[in-house]
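A.B. asks: For the sequence shown, the numbering used here puts the final residue at 73, and the numbers step up evenly by one.
Calculated directly from the structure, the hints in this document are not laboratory data.
One or more of the hints may lead you astray.
As the list claims (entries may be wrong) - Cβ-Cβ distance ranges computed for the label pairs, FRET-style:
1. Ser55 <-> Cys28: 17 to 25 Å
2. Lys65 <-> Ala36: 36 to 44 Å
3. Ala66 <-> Leu26: 44 to 52 Å
4. Leu57 <-> Glu29: 25 to 33 Å
5. Gln67 <-> Lys41: 37 to 45 Å
6. Cys28 <-> Lys60: 30 to 38 Å
7. Gln67 <-> Lys32: 49 to 57 Å
8. Ser42 <-> Lys62: 26 to 34 Å
9. Leu26 <-> Asn54: 13 to 21 Å
Just so you know, even glycine gets a beta-carbon here, dropped at the ideal spot from N, CA and C.
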Amino acid sequence: MFKKIIFVSSSLFLISSASADIYVTLGCEDYKTEEAKSLCKSYEEERMQAFEENSILHKKLKDLKAQLRELSE
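Kindly generate the complete structure, drawing on both the sequences and the hints.
C.D. replies: As structure tokens, then:
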């Protein structure tokens, strides 16, 4: 069981590390062509939407965990 916990923890860390770069802003004004700037802005909008959705899901999971704790008492 201990090995499973380590594996899951390390897997989650790797996933978090690999996807962390999507939360870094790109600096769209640094791109030279209008097409690149437009694509960058689209990326930024999608990134912010994903961040907001992730925040909502995190809050829901936190609330569910609190409810489970209350029920288990």
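A.B. asks: For the hint 49 to 57 Å, verify it against the beta carbon of Gln67 and that of Lys32.
C.D. replies: holds (52 Å)
A.B. asks: Does the Cβ distance between Ser55 and Cys28 fall inside 17 to 25 Å?
C.D. replies: holds (22 Å)
A.B. asks: Taking the CB of Gln67 and the CB of Lys41, does the distance hold inside 37 to 45 Å?
C.D. replies: holds (40 Å)
A.B. asks: Look at the Cβ atoms of Ser42 and Lys62 and judge whether their distance stays inside 26 to 34 Å.
C.D. replies: Since the Cβ atoms of Ser42 and Lys62 sit about 31 Å apart, the hinted range of 26 to 34 Å holds.
A.B. asks: Take the C-beta atom of Leu26 and the C-beta atom of Asn54, compute their distance, and say whether it sits inside 13 to 21 Å.
C.D. replies: Once the Cβ atoms are compared, 18 Å apart, the range 13 to 21 Å for Asn54 and Leu26 holds.
A.B. asks: Taking the beta carbons of Cys28 and Lys60, is their distance inside 30 to 38 Å?
C.D. replies: Taking Cβ atoms as reference, Cys28 and Lys60 lie about 31 Å apart, which means the hint holds.
A.B. asks: Look at the Cβ atoms of Lys65 and Ala36 and judge whether their distance stays inside 36 to 44 Å.
C.D. replies: holds (42 Å)
A.B. asks: Has the hinted range 44 to 52 Å been met by the Cβ atoms of Ala66 and Leu26?
C.D. replies: 36 Å Cβ-Cβ, so the 44 to 52 Å window is violated.
A.B. asks: Given a hinted range of 25 to 33 Å, is it respected by the beta-carbon distance of Leu57 and Glu29?
C.D. replies: holds (31 Å)
Checked against the numbered hints listed earlier, the structure breaks hint 3 alone; every other hint is satisfied.
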